Structures are given as structure tokens and as C-alpha cells.
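Enquirer: Fit chains X, S, L, R, E and G to the known structure of chain P by using the hints.
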Amino acid sequence: MKEIIPIGERVLIKPLKLEEMTKSGIYIPESAQEHRKEGSVIAVGCREDGSALPLKPGDHVIYGGYSADKVEVDGENYVFVPFKDILAKIE
Amino acid sequence: MKEIIPIGERVLIKPLKLEEMTKSGIYIPESAQEHRKEGSVIAVGCREDGSALPLKPGDHVIYGGYSADKVEVDGENYVFVPFKDILAKIE
Amino acid sequence: MKEIIPIGERVLIKPLKLEEMTKSGIYIPESAQEHRKEGSVIAVGCREDGSALPLKPGDHVIYGGYSADKVEVDGENYVFVPFKDILAKIE
Amino acid sequence: MKEIIPIGERVLIKPLKLEEMTKSGIYIPESAQEHRKEGSVIAVGCREDGSALPLKPGDHVIYGGYSADKVEVDGENYVFVPFKDILAKIE
Amino acid sequence: MKEIIPIGERVLIKPLKLEEMTKSGIYIPESAQEHRKEGSVIAVGCREDGSALPLKPGDHVIYGGYSADKVEVDGENYVFVPFKDILAKIE
Amino acid sequence: MKEIIPIGERVLIKPLKLEEMTKSGIYIPESAQEHRKEGSVIAVGCREDGSALPLKPGDHVIYGGYSADKVEVDGENYVFVPFKDILAKIE
Amino acid sequence: MKEIIPIGERVLIKPLKLEEMTKSGIYIPESAQEHRKEGSVIAVGCREDGSALPLKPGDHVIYGGYSADKVEVDGENYVFVPFKDILAKIE
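Protein chains in written order, with numbering that gives the first Met the number 0: chain P, 0 to 90; chain X, 0 to 90; chain S, 0 to 90; chain L, 0 to 90; chain R, 0 to 90; chain E, 0 to 90; chain G, 0 to 90.
Keep in mind that the hints were calculated from the coordinates and are not lab data. Please note that a few of the clues may not be correct.
[Claimed, not checked] Not everything, but these chain P residues come out facing chain X in the computed CB check (under 7 angstroms): (1) G24; (2) I25; (3) Y26; (4) I27; (5) G63; (6) L86; (7) A87; (8) I89.
[Unchecked claim] Computed footprint of chain S on chain L, listed as stretches where at least three residues anywhere in the stretch have a Cβ under 8 angstroms from a Cβ of chain S: (9) 3 to 10; (10) 66 to 72.
Remember, predicted model here, so these are calculated numbers, not experimental data. Glycine residues also receive a C-beta, built at the ideal position from the N, C-alpha and C atoms.
Isolated chain P (complex conformation) (with noise of 0.2 angstroms):
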């Protein structure tokens, strides 16, 4: 996969399958399902000052918010969240 690099406050993410959701032991309701995710960090922008934002890539996070965009690399799902909208890191 070619590098994406996220530019200013975001991270772009790899939604995990419905599958994988299950295994990790977290329920997000139905009705929030549409707005609320969980997904693997594949890369982290950075601060306007340039410093780093508290997330690496593989991190596995929760994230909402609903400004996602949402891009497709070599068949593969990906989305742009702000870093405002990660909820949460699960470890």
C-alpha cells in the first residue's frame, strides 16, 4: 500500500470488520452503530505546533464523531477521522 500521510489534526483508520468487533468484547448499540466504530490506527497526523498526537499506528481505538471520510486503497476501506473524535484506545 502506497503511504498516505494525514495532514493536521487527523487519523486515518482501518474499520474493523464486524467479526472482529465481536472478539474484542465491546458492544456499541445498534442505534449508534452508524456513528460510533471501532477501528485499527493506520497512521497520525499531527498538532499545528507539529507536535504528536497520543496515538501510533496499530492502536486499537474506538472512535465517533460524524465528519469521517471515508477512502478506498487497493480495494481496501479506510477512513479520515478527526482526532476530536476518538473516544477512546483499548488495550
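Expert: Relative to the frame of chain P, chains X, S, L, R, E and G by itself:
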């Protein structure tokens, strides 16, 4: 339970059940129960500059606001509450 | 009463009863009583940087605003009032 | 009269009576009298950092705005006016 | 005329009369005359930090905006204009 | 022409006539010509702290936005354009 | 082509043609193509304090947003894109 680390100024809360609320001696008017509740702090995010929020796991809080995000982990219900919607700590 | 510690720029207030208000010599026009009241400060939060707000328990205040949150503790009524809605202190 | 200490960037003002206004030589168009008035400063709050506002008790001011809060103390009418709504000082 | 000292980032202006405007060689489209005008600066407020605004009494200005407050002093019309609505100085 | 000194982050611009625009090789889609235009900078205001804006009289610019204020001086048309609405300089 | 120097936090971009986009292996869902596109950076403005934006001419970017301004220079189409609407750089 997996460790869930809230990102940003968010607090992960386990809402108190009705019978637990009654014991606390605090009564929230029924008309307000839709958006004001008691709960127990499970995990706390941090400010943008990395500094701590003045809450810790185990704190008993009253919280309000309309933007709490529900999540279910291992069959238990939790909510992500923006820190600004935490009204008070009860000791 | 349990100790209730307001979080953020909030003030916990015990509203004065009608007969107590009359004694203070201050009269709030009836048309405004819905959102302007006298009360006694019970507990005070703090600013985001941890510095104190210029009020202390026992202060007699006039407060306004539309976003006070009611709460009942051990049968008594209290309100959480955002600090910006405290109009004045009476001495 | 009890001492009333405005909190935050507020000014306690005693509105001038109609006959007092005429003497000042300043005339506010009738269509504007609903939200523009002359008055005498009674007490002054302060900025968030504790620094003084550039007004003092006794100042004769013109004020405007729509969010003045009326209050009656010992039978006299006063208003709390946000500092930003004080248009000018008359000397 | 009494001295009127504008408070905050406000400018007290004496609007030019129609015949005075024509002489300046500047023409404001009729459709815009409702909210754009020429005038002469009478008095100038200051910024919140006490620093001066870049205008002085006697300056000939074009001003716009919708929030000018009219006032009449000793039979003459004046307006309080927010500094941000002063478009230009004419020399 | 009288000297007109823009106040604040404003730029006084003389819009190019249609035949002048064609010569520049730049074409603005007809549907956008209502709010995007070429022009020549006549005079430039400054930032609040007194520092210069990165434009000078004579610059050829493309500007947009919806809040340009028209003014006619000695029979010629000019516009005051907020600096934030200057899209680019053409060299 | 004339030199076009974007003013402020803007980026001048040459949108990729459909056949060029396919080669990049990135696919933007058809429903989103109205406001999300690939392009090549032609020229970059700067921040208000004069510091550089983290992009340079030749960068291959994905951009979004609804406020891109189209312009045609010497028969070729370009857009001015606010920097905040650049989603990512592709390498």
C-alpha cells in the same frame, strides 16, 4: 475487563443503578433524569497539553450534558462523558 | 449532608426561601423571578488552571442565567450555577 | 443600602430619571430608549484576572445592550449592565 | 458640548451632512447609504489592554456596519461606531 | 485622488475591467464572477498589532468573499476587501 | 504559466484527471467525489505568522471540503483549497 483509555477531555463512567442512587441521598428530579445522572468514574482522559483532569477512577460523580456516548463492555453499560459535563464529585 | 464538590467553574447554591428574600431588602421583579434568584453559596468549584473563584461558602449572592441544574440532597433543594451567571455578592 | 458587589465584568447602575436626563443635554432617540439609557455607576466588578474596569462609582454613563438585569433594593431600581454594553462616560 | 469619552473599542462620530459628503469626492452607492457613511471623529475609546486605537479626533472616516448607536447632544446628532466598522481614513 | 487609508485588515482594490482580465490569462468561471474577481491593490491596512499585511499597492490580486464594500471616488469604482478574502497574488 | 502566489493558509492545486486518479490505487467513493478529490500541489501560501505550511509544490494530496475556489489559467483548471481541507499527502 479490557483496559479502555479515554482520549482527550473525556471520562469513562459506569452509571449507578436506580437502587444505588437512592442510597446516596441525592435525588435528581425525574424531569431531569434523562440528562443528569450519578455514576462511578472508571477511567479518565487528559487535557490537550497532557495535564491531568481533577478526577480519578472510583470517584462518585453527578454528570449532565447531552453528548454522552454509550458503550457496552463484557455485558456492562458504560458512557463516555465530556469532562465539562461533570457537575460535581460526591464524597 | 454529604460533601458535594463542584467541578469546573460551577457554584453549588441553596436558593433562599421567599420569606428569607424579603428580609434582604432586595426585590427581584416578579417577571424575572423565573431566572434570577437569591441564594447562599454552599460549595465552589475552580477555574481550569486550578485557581480559586472569588466566592466562598456562606456568601449571599444574586444569580441569573438559564442553565442552573437542580439537585435534591437529603430532602433539601440545591442548584449548580455556572459562575458566569452569578451577578453579585451582597454584604 | 446593603453593599452589592458585582461579580465579573458587570456594572451596577442607577438609571437616571427622565428629568435628570434632560438636564444632561444628551438626548437618546425615543425609538432607542428601550435599550439605551443614562445612569450613574453604583458599583463595579472586575476582569477575570482581577484587574479593574475603567469605571468608578459616581461616573455618569450611557449604556446600551439588551441583557441588563433589573433589581430593586430598598425600593429603588438598579440594573446590572455587562461592561461591554457601557457606551461612554460623560464628564 | 459635554465631554463624551467612549468606553472600549468605540468611536464617537459626527456624520457628515449630504452637502459635505459631495465635496469629499467620495460617493457611496445609494443602495449602501443605509449602512455606510462618512463622518468626522469626535472621540475615541481604547483597546481592552488600554492601548490606543489608530484614530484621533478630527479624522475624516468612512464607516459601515449595522450596530452604530445614535445619540443627540445639544441638538446635534452623533453615533457610536464599533472600531471594527471603520473602513478607512481619508486624508 | 484623495488618499484613502484602509483601517484594520482591509485592502482597497480597483477591480479590473473585463478586457483587462482577459489579458491576464486567468479565467474565473462565469458562475463565480459574482463573488470572485481580479483587481489591483490601491492601499493596504494593517493587523491589529500594527504589523504589515503581505501586500502592497500595485499588486495584482484575485479576491473572493461576499463582504466587499463598494465606494466611488472621483468617478472611479473601488472596493474594500477583507484581507482574508484575498485568494492570491499574480506575478 | 504566470506565477500565482496563494495568500494565507491556502493551497493552489491542479486536480488529477480521472485516468490519473485510477493509477494511484486510491479510490474515492463516487458519492463523495463531489467534495473529495486528488490533486497535485502547485503553490502554497503561509500561516499568518509567516511560517510555512507542511506541503510543497509537486506533493500529491487528497483534499476535501466545500469551499474550494475554481480558477482557470491559460486554459487549465486549478482550485484554491483551504489548508485545513487537505486530508493527506500520498507518497
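Enquirer: Now, for every hint given, state plainly whether the structure supports it.
Expert: Results for each hint:
no. : hint     : verdict
1   : G24      : 5 angstroms, holds
2   : I25      : 5 angstroms, holds
3   : Y26      : 4 angstroms, holds
4   : I27      : 6 angstroms, holds
5   : G63      : 6 angstroms, holds
6   : L86      : 5 angstroms, holds
7   : A87      : 5 angstroms, holds
8   : I89      : 6 angstroms, holds
9   : 3 to 10  : holds (count 6)
10  : 66 to 72 : holds (count 5)
Going through the hint list in order, the structure satisfies each hint without exception.
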